[in-house]
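For this one, chain G is given, so just place chain B on it according to the hints.
There are 2 protein chains.
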Amino acid sequence: MGRVQGLLTDLYELTMAAGYFQAGKAGQRATFELSLRRLPAHRSYVLAAGLEQAIEYLLELKFTPEGIEYLKGLPVFSRAPAAFFDCLREFRFTGDVWAVEEGTPLFAGEPVLRVSAPLLEAQIPETFLLSTMTFQTLIATKASRMVEAAGGRGVIEFGTRRAHTPQAGTLGARAAYIGGCIGTSNVEAGYRFHIPVFGTAAHSWTLAFDSEAEAFARLQELLGENTVYLVDTYELETGVENAAAVEGSFWGIRLDSGDFLAESRVARRILDRAGCRQARIMASGDLNEHRIAELTAAGAPIDCFGVGTELATSADAPSMGSIYKLVEIERKGRLRGAAKFSPDKSTLPGAKQIFRFRDHDVVGLAEENFPGATPLLVPVMHAGARLGERIPLGQIRQQAQRRLAEIPSACRRLEDPAAFPVLLSERLQALAAEVRSAELKTLDSKRA
Amino acid sequence: MGRVQGLLTDLYELTMAAGYFQAGKAGQRATFELSLRRLPAHRSYVLAAGLEQAIEYLLELKFTPEGIEYLKGLPVFSRAPAAFFDCLREFRFTGDVWAVEEGTPLFAGEPVLRVSAPLLEAQIPETFLLSTMTFQTLIATKASRMVEAAGGRGVIEFGTRRAHTPQAGTLGARAAYIGGCIGTSNVEAGYRFHIPVFGTAAHSWTLAFDSEAEAFARLQELLGENTVYLVDTYELETGVENAAAVEGSFWGIRLDSGDFLAESRVARRILDRAGCRQARIMASGDLNEHRIAELTAAGAPIDCFGVGTELATSADAPSMGSIYKLVEIERKGRLRGAAKFSPDKSTLPGAKQIFRFRDHDVVGLAEENFPGATPLLVPVMHAGARLGERIPLGQIRQQAQRRLAEIPSACRRLEDPAAFPVLLSERLQALAAEVRSAELKTLDSKRA
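First to last, the protein sequences are chains G and B. Counting in this note's numbering, the first sequence runs from 4 upward without gaps. Counting in this note's numbering, the second sequence runs from 4 upward without gaps.
Okay, chain G solo, but in the shape it has when bound (with noise of 0.2 Å):
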């Protein structure tokens, strides 16, 4: 994260900020809340990710001297006071955060994240905190179909050459271990956030080679008992029973494209023929949830998939209507709720809370209490100080399943899921109204 800085984010953020501190308002305590305002498309859940990546973006957030330079000479600050730059100098947040733990299950319209700051530090963050929580929700929730439809087998995370840059592949590896994968080919994801890594050669290795045979051997005097031979180069027939006549024990094939389940059954039938009877077989190439669980029902004798595009670019979901917005904000000193009533997109006033039951959620004001249900946000910062421990990922990804397992099996299903119902609270639509009633009353001051 050495690299990231104030100036990772929308412009707006910093004009806006410089606009609270010109009018005296930085300091005003503010409420913001990043929801799910549409759930991705085809889901009717998603998996919440990417909590760690924002509590530690927000634990280093600060501004260089070069980049409290550079917006100086921007032309839209050049009536901004010399003082407001002092404090982007000074800055450091030191608010309060409440967020949704990693590897939850949440529905539309749910909120995952709740900063209280001054308004300054609340505001700045907002293009950040959207970007990497939201890409990594998708991403864990996408892994979490393909685990589902592949019913047992491993499903491993191959994406990183087709993910939105090296860094999102990093991440993305990280979203989908928690999603249920079982590992990652990304070196770096394995190294950061100990997930186990996966992975033996591609078709320049046979190609590099006299002949397969040759490329086959070599690959198994170094990998041994880890070695997965890719069989597909030339031919699958010859490839196959290239691979069973190496010496020595391997842990199994790959096939990288064709007909997957006539081709799977093709290599199982030489290996078994060979007395490979242990050796796996592993598929990758152009799969989703939808060409697993197809394989799966059919009965293919695949022991694991591999999979990268779809997975890493979320392909048929690649984006989400998640929102970060002003819930209150502090007025003739106490915080009053505030929100956003345009026609299609309004926003509710007030701190909330997820109440979990076993069959639904309740969405109400923080304050609220439901016996029998879990409150879903908890605190993990405090006057800008992490809370607790960092959770460790395995764990995260344990709970995932675990909390995976208990929404309805019909919200889990590849096509047209059922929906979770999601109610608000009689406290939450009180207060709607009546933040409500009073902007329509100074619209009407106004037109009067």
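If you're looking for bench data, these hints aren't it; they were derived computationally from the structure. Glycine is no exception: its CB is placed at the ideal position from the N, C-alpha and C atoms. Do not rely on the hints blindly, as some may be mistaken.
Just a few of them, taken from the derived set where beta-carbon distance is under 10 Å, the chain G residues facing chain B [said to hold, decoys possible]:
1. D13
2. A83
3. T97
4. T130
5. Q139
6. L141
7. L174
8. F201
9. V231
10. D306
11. C307
12. G311
13. T312
14. Y327
15. K348
This is chain B only, laid out in the frame that chain G set:
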């Protein structure tokens, strides 16, 4: 780029590297090409981008001591010779690179980058190069479609919050600028790449004041003639009236939701009646090239489009089938063509060049020469060092506009675009046949 290191790659690149080392092949000269197997969905061209980041990566690529220790501890490396890790410790890229300049339109099947280096050095960068170049190419292409649709109106990149990580937002802003956007909201991108930055205030600004009128007045105080009023926090008409009523000059207003055609007309009428004929109208929110084209065709009085989600994720085509394949390898002292001939994923052998004619391209061997054609791949690195100066981004952008204008307009159509003919030279076809026939002989001799 400081944090990027050798581990940011797929594991198999490193296991193959170890294998090449062990087999005495690490220093064998090899050529790999990064090429466009399939264009992104709905496209008949792509606009090449990302080369600068590819070069920076190759210049900086190294393995840290901690990274090497991590590798040593992985089971797949338990048999790797100790000297391999010494080799990683000393690793630097010493190869030659030819590439198509950024801002050049390319077509299906064409190579965009060619790496010639000792086998080990050419193999390891595969994952990073594919990801960084493919991503920027996708975004530059998407941007060029929106700019085409806008017919001379400005298009501004607003998508960092929707990008697949904030870092992808920054590089996406760079690519969007190459594709013809007039600027970005991403301040880090403005700082690093000297891209014009845009943006003034969000809904939260308006909500943070007691009235919209006060919020607008305070914004104008700060931003003067650069002020853009976001007018739809409460109600469009009142919002535009409040904007027009503020003392002092301003840039214009922004519509962020609703029916842009109807609303831009209403807003224009209110602005004109209030004597603000110079005030511009910007629209942002759920725009893509098709919506922009509709609004432009309908004569909507919109001066400028802000685009986020669809651009930052290349939403209708979030990936494309780019590949990085071995095309030549040293055998018995000389470079020989290498290729893969499996039924659905064949590659062509030999170091290649694209020869661009006015109305078609020829992909031929690098040493060929076609009078009247421009060879598109140019040398950009030699012996691990950059050749020539870094091209300023503004110059790349201008070049992109010029080169896009040179391809037939039918190829730039938003719907059902025409293909640009790409032919293979006779010598390339002959080499492919020759390599194929040699492979078949090898396979036959194995069967015998």
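Okay, the hints, checked on the actual structure:
1. The beta carbon of D13(G) comes within 4 Å of a beta carbon in chain B, closer than 10 Å, and the hint placing it at the interface holds.
2. At about 7 Å, the closest approach between the beta carbon of A83(G) and any beta carbon in chain B falls short of 10 Å, and the interface hint on this residue holds.
3. Because the closest C-beta pair between T97(G) and chain B is about 18 Å apart, greater than 10 Å, the hint is violated.
4. Restraint check, T130(G) versus chain B: the minimum CB separation of about 5 Å is within 10 Å; hint holds.
5. Because the closest C-beta pair between Q139(G) and chain B is about 8 Å apart, less than 10 Å, the hint holds.
6. The beta carbon of L141(G) is positioned within 10 Å of a beta carbon in chain B (closest approach about 8 Å), and the interface hint is therefore held.
7. Checking L174(G) against chain B: minimum C-beta separation of about 6 Å stays under 10 Å; hint holds.
8. Given hint, F201(G) at the interface with chain B, holds; its Cβ is 6 Å from that chain's nearest Cβ, closer than 10 Å.
9. Residue-level restraint check for V231(G) holds (minimum Cβ-Cβ distance to chain B is 9 Å; threshold 10 Å).
10. Look at D306(G): its Cβ only gets to about 18 Å from chain B, farther than 10 Å, so that hint breaks.
11. Against a cut-off of 10 Å between C-beta atoms, the interface hint on C307(G) is violated, since the closest Cβ of chain B lies about 15 Å away.
12. Taken as an interface hint, G311(G) checks out: its beta carbon lies about 9 Å from the nearest beta carbon of chain B, inside 10 Å.
13. A cut of 10 Å between beta carbons decides the hint on T312(G): the least distance to chain B is about 5 Å, and the hint holds.
14. Look at Y327(G): its Cβ gets to within about 8 Å of chain B, closer than 10 Å, so that hint holds up.
15. Because the beta carbon of K348(G) sits about 5 Å from the nearest beta carbon in chain B, less than 10 Å, this interface hint is met.
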